[in-house]
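There are 2 protein chains.
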Amino acid sequence: MSDQTFTHPDHASISSFGPARATVSGTPMNAEELAQTHAFWRACNYLALGMIYLQDNPLLREPLKPEHIKNRLLGHWGASPALAFVYTHMNRAIRKHDLDAIFLAGPGHGAPGVLGPIYLEGSYSEIYPDKSLDEDGLQAFFKQFSFPGGIGSHCTPETPGSIHEGGELGYVLSHACGAAFDNPELIVTAVVGDGEAETGPLATSWHINKFLNPVRDGAVLPVLNLNGYKINNPTLLARIGHEELSKLFEGYGWTPLFVEGSDPDTLHQAMAATVDHAVEHIRAIQRAARATGVVERPRWPMIVLRTPKGWTAPAEINGHQVEGSWRAHQVPMADVKTHPAHLQLLESWLKSYQPETLFDAAGAPVAAIRQFTPTGLRRMGSNPHANGGRLKKALRLPDFRDYGMEVPEPGRIEAENTRPLGVLLRDVMKANLRNFRVFGPDENTSNKLNAIYEVSKKFWIESSLPEDADGGELAVDGRVMEMLSEHTLEGWRAIF
Amino acid sequence: MSDQTFTHPDHASISSFGPARATVSGTPMNAEELAQTHAFWRACNYLALGMIYLQDNPLLREPLKPEHIKNRLLGHWGASPALAFVYTHMNRAIRKHDLDAIFLAGPGHGAPGVLGPIYLEGSYSEIYPDKSLDEDGLQAFFKQFSFPGGIGSHCTPETPGSIHEGGELGYVLSHACGAAFDNPELIVTAVVGDGEAETGPLATSWHINKFLNPVRDGAVLPVLNLNGYKINNPTLLARIGHEELSKLFEGYGWTPLFVEGSDPDTLHQAMAATVDHAVEHIRAIQRAARATGVVERPRWPMIVLRTPKGWTAPAEINGHQVEGSWRAHQVPMADVKTHPAHLQLLESWLKSYQPETLFDAAGAPVAAIRQFTPTGLRRMGSNPHANGGRLKKALRLPDFRDYGMEVPEPGRIEAENTRPLGVLLRDVMKANLRNFRVFGPDENTSNKLNAIYEVSKKFWIESSLPEDADGGELAVDGRVMEMLSEHTLEGWRAIF
Numbered sequence: 000m001s002d003q004t005f006t007h008p009d010h011a012s013i014s015s016f017g018p019a020r021a022t023v024s025g026t027p028m029n030a031e032e033l034a035q036t037h038a039f040w041r042a043c044n045y046l047a048l049g050m051i052y053l054q055d056n057p058l059l060r061e062p063l064k065p066e067h068i069k070n071r072l073l074g075h076w077g078a079s080p081a082l083a084f085v086y087t088h089m090n091r092a093i094r095k096h097d098l099d100a101i102f103l104a105g106p107g108h109g110a111p112g113v114l115g116p117i118y119l120e121g122s123y124s125e126i127y128p129d130k131s132l133d134e135d136g137l138q139a140f141f142k143q144f145s146f147p148g149g150i151g152s153h154c155t156p157e158t159p160g161s162i163h164e165g166g167e168l169g170y171v172l173s174h175a176c177g178a179a180f181d182n183p184e185l186i187v188t189a190v191v192g193d194g195e196a197e198t199g200p201l202a203t204s205w206h207i208n209k210f211l212n213p214v215r216d217g218a219v220l221p222v223l224n225l226n227g228y229k230i231n232n233p234t235l236l237a238r239i240g241h242e243e244l245s246k247l248f249e250g251y252g253w254t255p256l257f258v259e260g261s262d263p264d265t266l267h268q269a270m271a272a273t274v275d276h277a278v279e280h281i282r283a284i285q286r287a288a289r290a291t292g293v294v295e296r297p298r299w300p301m302i303v304l305r306t307p308k309g310w311t312a313p314a315e316i317n318g319h320q321v322e323g324s325w326r327a328h329q330v331p332m333a334d335v336k337t338h339p340a341h342l343q344l345l346e347s348w349l350k351s352y353q354p355e356t357l358f359d360a361a362g363a364p365v366a367a368i369r370q371f372t373p374t375g376l377r378r379m380g381s382n383p384h385a386n387g388g389r390l391k392k393a394l395r396l397p398d399f400r401d402y403g404m405e406v407p408e409p410g411r412i413e414a415e416n417t418r419p420l421g422v423l424l425r426d427v428m429k430a431n432l433r434n435f436r437v438f439g440p441d442e443n444t445s446n447k448l449n450a451i452y453e454v455s456k457k458f459w460i461e462s463s464l465p466e467d468a469d470g471g472e473l474a475v476d477g478r479v480m481e482m483l484s485e486h487t488l489e490g491w492r493a494i495f
Numbered sequence: 000m001s002d003q004t005f006t007h008p009d010h011a012s013i014s015s016f017g018p019a020r021a022t023v024s025g026t027p028m029n030a031e032e033l034a035q036t037h038a039f040w041r042a043c044n045y046l047a048l049g050m051i052y053l054q055d056n057p058l059l060r061e062p063l064k065p066e067h068i069k070n071r072l073l074g075h076w077g078a079s080p081a082l083a084f085v086y087t088h089m090n091r092a093i094r095k096h097d098l099d100a101i102f103l104a105g106p107g108h109g110a111p112g113v114l115g116p117i118y119l120e121g122s123y124s125e126i127y128p129d130k131s132l133d134e135d136g137l138q139a140f141f142k143q144f145s146f147p148g149g150i151g152s153h154c155t156p157e158t159p160g161s162i163h164e165g166g167e168l169g170y171v172l173s174h175a176c177g178a179a180f181d182n183p184e185l186i187v188t189a190v191v192g193d194g195e196a197e198t199g200p201l202a203t204s205w206h207i208n209k210f211l212n213p214v215r216d217g218a219v220l221p222v223l224n225l226n227g228y229k230i231n232n233p234t235l236l237a238r239i240g241h242e243e244l245s246k247l248f249e250g251y252g253w254t255p256l257f258v259e260g261s262d263p264d265t266l267h268q269a270m271a272a273t274v275d276h277a278v279e280h281i282r283a284i285q286r287a288a289r290a291t292g293v294v295e296r297p298r299w300p301m302i303v304l305r306t307p308k309g310w311t312a313p314a315e316i317n318g319h320q321v322e323g324s325w326r327a328h329q330v331p332m333a334d335v336k337t338h339p340a341h342l343q344l345l346e347s348w349l350k351s352y353q354p355e356t357l358f359d360a361a362g363a364p365v366a367a368i369r370q371f372t373p374t375g376l377r378r379m380g381s382n383p384h385a386n387g388g389r390l391k392k393a394l395r396l397p398d399f400r401d402y403g404m405e406v407p408e409p410g411r412i413e414a415e416n417t418r419p420l421g422v423l424l425r426d427v428m429k430a431n432l433r434n435f436r437v438f439g440p441d442e443n444t445s446n447k448l449n450a451i452y453e454v455s456k457k458f459w460i461e462s463s464l465p466e467d468a469d470g471g472e473l474a475v476d477g478r479v480m481e482m483l484s485e486h487t488l489e490g491w492r493a494i495f
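Protein chains in written order, with numbering that gives the first Met the number 0: chain B, 0 to 495; chain W, 0 to 495.
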């Protein structure tokens with residue numbers, strides 16, 4: 000797109016990016032839809048950059064001056080454009096396929112890439128009316144970001160539509176899986192950063208596909224964003240090569256779909272085709288399982304999105320590569336308040352997104368952007384599954400006193416202290432078979448909680464052996480979830 | 000072997016085990032070596048079982064009676080035979096290839112399978128003379144196990160040759176990698192349990208192969224023991240099928256070598272051929288890198304050993320499968336003191352290892368077993384790399400006071416608090432370039448410790464890009480180790 004070329008006419012100069020490559024071919028969008036999709040993403044990127052830098056002049060209606068810039072620049076640009084890119088394409092898919100979907104941003108400090116689309120779709124203003132969809136609201140929205148008394152640079156709990164903060168890296172897939180449990184229509188989009196992908200909790204959580212039942216649970220759609228860099232280092236998964244990467248995810252039991260490149264138009268078409276394909280694959284898996292009742296582990300789709308770190312940033316600043324480099328991780332230029340040339344570069348960078356085409360005279364998103372977003376509860380920022388408490392149901396709980404041991408006098412009776420807890424859990428499970436599960440690292444029986452198996456077995460959809468019938472307590476619809484990863488168990492509790 | 004058939008004439012009845020299968024073919028051992036190898040393993044298994052059950056009558060020289068049995072039975076049989084199997088085959092390989100090797104047992108509570116061979120090779124008695132190589136010593140050795148005032152059922156620090164306790168699951172590969180750093184001749188055998196393989200720390204630690212330099216570091220030989228079960232559950236990796244499993248490890252960058260089956264003779268030959276092959280592969284990688292100085296990431300070999308849980312236990316007890324089942328995890332029969340038929344079954348189980356052929360009149364291992372073990376410091380229980388402190392070298396440290404900031408009066412000077420630490424670390428690195436490394440989760444620069452890069456860069460042997468030359472600070476011989484897994488960094492510190 001012409002607006003992307005202001006500092007890098009040739010994206011092939013990003014040496015990590017050759018020609019675009021995608022597993023799924025096709026150009027599903029016509030020119031109009033492509034332009035609309037790109038406009039939404041441009042608006043997201045403009046907002047992300049504005050959040051990081053601006054405390055005033057939010058629509059650049061006057062020339063950018065030092066006093067418009069925040070005194071203390073905080074926030075992370077690097078992961079933001081790709082997060083917004085995924086959000087953008089999920090918006091398109093939600094409308095096209097009428098999806099019930101939510102969005103989890105794994106990369107740390109990626110909030111600018113998520114807050115932007117949530118603001119554009121109107122979810123933000125509904126909860127925070129002072130961050131209205133006009134120039135004043137936009138200024139307040141920019142200024143509060145990473146600002147004293149404002150909001151954090153993670154997707155903190157006050158972010159509409161966020162159930163995953165991303166501060167402690169490694170839990171995005173576990174949280175996503177927890178959110179999908181017992182929500183059969185839900186698609187949980189989970190963007191995994193290639194930095195966090197190196198953590199232990201994340202590395203084992205690819206195995207969540209062994210714990211999702213295609214009949215009763217929703218789906219998790221992981222999007223691994225290989226932007227190539229952590230803070231100052233390349234990432235392992237971005238450099239191990241296509242073949243190993245592909246085998247790794249097939250070995251984890253997924254069907255990886257690659258989308259790789261840096262040219263926005265090409266990538267928009269590739270991502271749209273890929274998300275369509277993934278959604279249709281997910282729906283086909285669910286339809287088949289739900290029609291037949293046969294539960295086997297599907298090879299769910301996942302997307303590997305390889306895009307430049309800090310995508311659409313200036314190609315170079317002070318002779319150093321920025322877009323596609325670890326230098327794009329945080330604030331790419333810290334000295335804009337005191338360095339006039341850098342202030343000017345920031346202004347042209349902001350203008351490269353053509354804000355005048357994205358916001359109307361009052362500062363509200365133009366019709367093309369408003370029409371691009373899903374509406375009502377289909378907006379990912381407003382989806383009740385991701386807004387704490389809206390779908391919460393009280394458990395039917397028996398009186399715990401009924402499970403106490405009678406102790407007529409000290410030292411007379413003998414009992415194991417956890418066994419009565421197992422009986423209580425059994426009865427809670429029995430009374431709440433649709434919104435209660437027990438998670439454990441294969442210790443329920445050794446911890447004497449096994450009364451629970453009278454009501455529900457351990458979930459298992461891997462292959463079975465004849466001897467499993469003898470006390471294995473395994474079932475494809477079991478509600479006791481056992482895996483020897485306490486990190487994953489912890490993450491699964493993100494249930495709404 | 001005839002001695003294995005006392006309760007299970009047909010191993011094919013373990014339905015998870017069809018015919019034996021191995022990636023590497025060959026039967027490298029003649030009948031005599033096979034018999035000797037099997038005798039050593041039988042002795043290990045006898046000792047493991049004795050540790051769990053016996054407080055007296057350690058050589059079964061009189062009929063087994065209830066009073067010979069410990070009052071409180073603790074310990075884990077399940078992982079022990081396979082651990083001893085690997086130890087046995089490493090013993091053979093150490094002698095055959097003159098290896099400098101150590102042994103790390105990942106599976107929790109696997110100590111019986113490790114203590115046995117360490118006792119047989121004499122390492123144990125040298126440190127604990129009361130656990131001598133005779134009947135009295137054997138009795139003391141049995142009795143102390145999981146006994147008040149005795150030793151734990153993990154490979155606790157007092158175990159000769161152990162640098163990995165295995166209590167908190169998930170660190171065996173990280174510890175193994177740490178032990179291999181800067182010990183170019185060392186081969187670190189690391190047995191990974193399929194339970195612990197589900198943990199996050201373990202799942203990401205397969206990536207250690209991206210941090211070992213074939214010129215200056217030793218090698219880690221992982222042996223994933225798929226015995227199929229955790230405490231009460233199947234394990235994920237044992238059930239995902241051969242193709243996914245193979246892709247998973249190729250995706251992690253290893254060359255997986257499968258050894259699968261349950262017939263001891265067949266498995267001894269397969270394992271001997273496989274370990275020979277792996278050792279030769281490791282040596283070939285190292286020779287090539289050391290001859291040319293060209294450092295690229297090798298696709299190191301790793302072994303997938305699929306054997307029945309509780310291998311060589313009775314096939315069935317009380318109508319329930321034991322060998323090859325989760326029921327073999329801990330103490331397969333807890334009631335031998337009070338249940339005469341079970342006491343008898345235990346006796347025949349113990350006798351199935353033919354202790355009378357393994358120990359002489361005094362209770363010492365017979366010549367065939369003594370000759371089977373490596374000698375001196377080549378014994379894995381006596382290897383100085385795995386006996387804390389023997390190879391420890393003091394760091395050459397400058398006076399830390401020289402790095403303090405002068406503060407002539409309060410509130411006058413301004414300085415960053417971690418930058419001087421970076422300068423100190425730089426100088427420590429400079430003075431200790433062979434036995435000092437810095438580990439960090441890609442935070443050294445953001446934490447202002449980057450002075451260290453003046454002396455040594457970040458280790459990196461993945462593919463490189465032209466832009467890495469611009470401030471990437473990467474080098475194939477870098478001594479700053481950065482990975483975004485704090486679990487792995489923690490584990491790497493196991494350096495001797």
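Heads up, a few of these hints could be off.
Identical copies look the same in the list; a pair holds intra-copy or inter-copy alike.
[To be verified] Here are the simulated DSSO-like pairs of lysine-lysine, each with C-alpha atoms no more than 30 Å apart in a straight line: (1) K64 to K391; (2) K447 to K336; (3) K142 to K447; (4) K142 to K95; (5) K391 to K350.
Hints are computed from structural coordinates only; laboratory data are not their basis.
Exercise. Hint by hint, which ones does the structure fall short of?
Worked result: 1, 4 and 5
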